[in-house]
Amino acid sequence: MSETYDFLFKFLVIGNAGTGKSCLLHQFIEKRFKDDSNHTIGVEFGSKIISVVNKSVKLQIWDTAGQERFRSVTRSYYRGAAGALLVYDITSRETYNALTNWLTDARMLASQNIVIILCGNKKDLDADREVTFLEASRFAQENELMFLETSALTGENVEEAFVQCARKILNKIESGELDPERMGSGIQYGDAALRQLRSPRRAQAESVQECGC
Amino acid sequence: MMAQLENGRLSSDDTMSVMTLNSQFDEESSFGSDSEINGFTSSRLTDKYGFIGGAQQYSSDMAQEVSLAVLRQREAKWLDMLNHWDKWISKRFKKVRLRCQKGIPPSLRGRAWLYLSGGKVKREQNIGIFGELDCQDGDPKWVDIIERDLHRQFPFHEMFVSRGGHGQQDLFRVLKAYTLYRPEEGYCQAQAPIAAVLLMHMPAEDAFWGLVQICEKYLPGYYSAGLEAVQLDGEILNGLLKRICPPAYHHLDKHKIEPILYMTEWFMCAFSRTLPWSSVLRVWDMFLCDGVKIIFRVGLVLLKCMLGSREKLKACPGQYETMELLRALEPRYMQEAFLVHQVLELPVSARDVEREHRIQLKRWKKTHGELTYKSPPRLHGAQAIMSAEPHSRLDLRQKPTIIVQYPSDFDSASDFIRLKKRSTIRRAPTKQDIPNPYPLPTDTKPAEEPPHLILATVKPERSHDPQIPNNFFPNPADIKKPNNFFPNPADIFKIANNFFPNPADILKNPVSIFMNPANFFLNPANFFLNPANIFKIPADIFKNQNNFFPNPANIFKNP
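Keeping their order, the protein sequence lines are chains L and F.
Going by the working numbering, the first residue of the first sequence is number 1226, and it counts up by one from there.
Going by the working numbering, the first residue of the second sequence is number 2, and it counts up by one from there.
The set of hints was computed from the structure by calculation and includes no laboratory data.
DSS-like mimics (lysine-lysine), calculated; alpha carbons at most 25 angstroms apart, straight line:
#1 313/F <-> 1273/L
#2 1273/L <-> 1397/L
#3 92/F <-> 78/F
#4 243/F <-> 305/F
#5 1273/L <-> 257/F
#6 1283/L <-> 315/F
#7 255/F <-> 1283/L
#8 78/F <-> 95/F
#9 315/F <-> 1273/L
#10 1283/L <-> 257/F
#11 1283/L <-> 313/F
#12 96/F <-> 78/F
Negatives, chain L to chain F, calculated, CB over 10 angstroms:
#13 1228
#14 1275
#15 1276
#16 1325
#17 1352
#18 1366
#19 1401
#20 1404
#21 1410
Idealized CB from N, CA, C, for every residue including glycine.
With the hints as extra help, turn the sequences into a complete structure.
Encoded structure:
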């Protein structure tokens, strides 16, 4: 309980069933691939402190069930999320086609300002690819999403996905676009940040904890 | 060293390491069976439930030990109940319930579950249906998602550990058959663990009918689109919690933790992914007997234990912390004896559940409007199901594949064991009643009388009966303990029900099923060669020194 951080963000991992959401989360937190995981029913959690642009940020990640049938249930997890990983499987067009629905849900139920990064997972299975990088990046641009292709198996771009999303949120906070004080922003100040706020002399070095990740 | 557990499962680093577990664990574990045959070679042990390396939180202090003598007594009682099932359910249901609460003997669990759930009657009244569904192709939209889930059900259970192994094949068959049986329902991911638990105890056809009963009688609407029934039950749970444990209720309310956030997996999987395995089995014994109130009670006990005191609530000041706490339940609250005791003590009846149901349904209609999916009424347990679904005596008749009998002609018996061929076990055996091999104290039958063993096997290609030497049985003078003398018929039925291939398959394709290396040990001839099966038959027949029955493996090896 003695962990210190400047900010706490609530993150979601959403996308169709079997796209590797839980594996991405596991790779991010444990730094290894989990090939024997159960499918998620309801919700799983993970949290990790990362450092982004001289701030330490605690990510509180809610990993959701992907099957369409669970959508009415998973919606209740969306509330107050600051960021989201929207995951599809590059070897399955069906999972890509479902993205629009997921996007609508996230913007409607979490918040209009939610920062979303699109993740084309299973990058390691390039031979079975059904969705090209170009196509997906165009979709991302049109919908104002960040975009990366990831591999939960090899770990490629997994950390980057979470970090980029967090960085964008931080930028938005600094530019005033996002107000952490607003209810349901999905952002909280850590103790260290509160101290900084009260004495804005930017004695940053001592407050930023290296989290060793 | 105990297995490192992570969320109740082994972390993947441990997968290949050698585990040394305590000796009692050692005794009851096995090598072999599907996992090995299919190429999964691991130096780790399988626990007595079939989980490799103590996955699903196995440890001896989580489970309640039952002595062998008690187990034998219970088996005899259960055999008697199964023989007169309709009478027991209609006239002595309280006794049945009591016996379910004490725990169904493992060797008879699969059969008892099928009878309790009404799956047995359903199967008899729909003969051939499963076979038909099994032959059809499934809707690709369901097949695709089922296939994605096959390797994700109890991946540390020896039955499901290997990709494409017979456990995963059966799981596919059962789930696909359900989507064809109820095309308007299709497949819900939470059905997979339910089907997998059933498959650990019974062949695919039985598991299918068990699944049908759970989805339609015990938890109707749970797996339907929209999951309204689960959400409604979440509200019911919350309503009951308000009465049972106000501090926990207020804490959850304060932090806006809707029931759906923590109870979805608990209820939809009937706790099979939450509790240690010994507790899962006991909960299911009670659940299939008494219905959904057991699931509510388990949920309430866990909430009460985890959030029941002020100190505990102080430790989880926010929504996320509380959710994390409820995802990491303390093992001591899930320990078999503790949990079962708490569940039985909790004053929540089926009527309470129904009352709360009416209240919450009214509220639901106000906030959400009418339910979009009208599910059939929920039936609270075995008795309600039996009275709702008319059956005939014939439907309840047991159809064992191996029958153990005392001989009528002791002296004339030159060969004590006769293997009786039967082309199919679908045809009812001529003998209806299975004599109790455990003579009661009042029984006049002399214990020394050597029994006949009639093995009605399903093996189609056996060309001759093995000759059994005359010294096969021990000297009658040695026989002092009649109770140990005979292999437990319960165990034999377990073999019959669980390990033989589905007779329907044999009929379809009598040769190829045994050609498949995966099915090698399923072949009755090889059955006893499989060390895993020897471990399973027995609740310890072969270990017990008082046991005079020769190891069947030897019979086959050296006729």
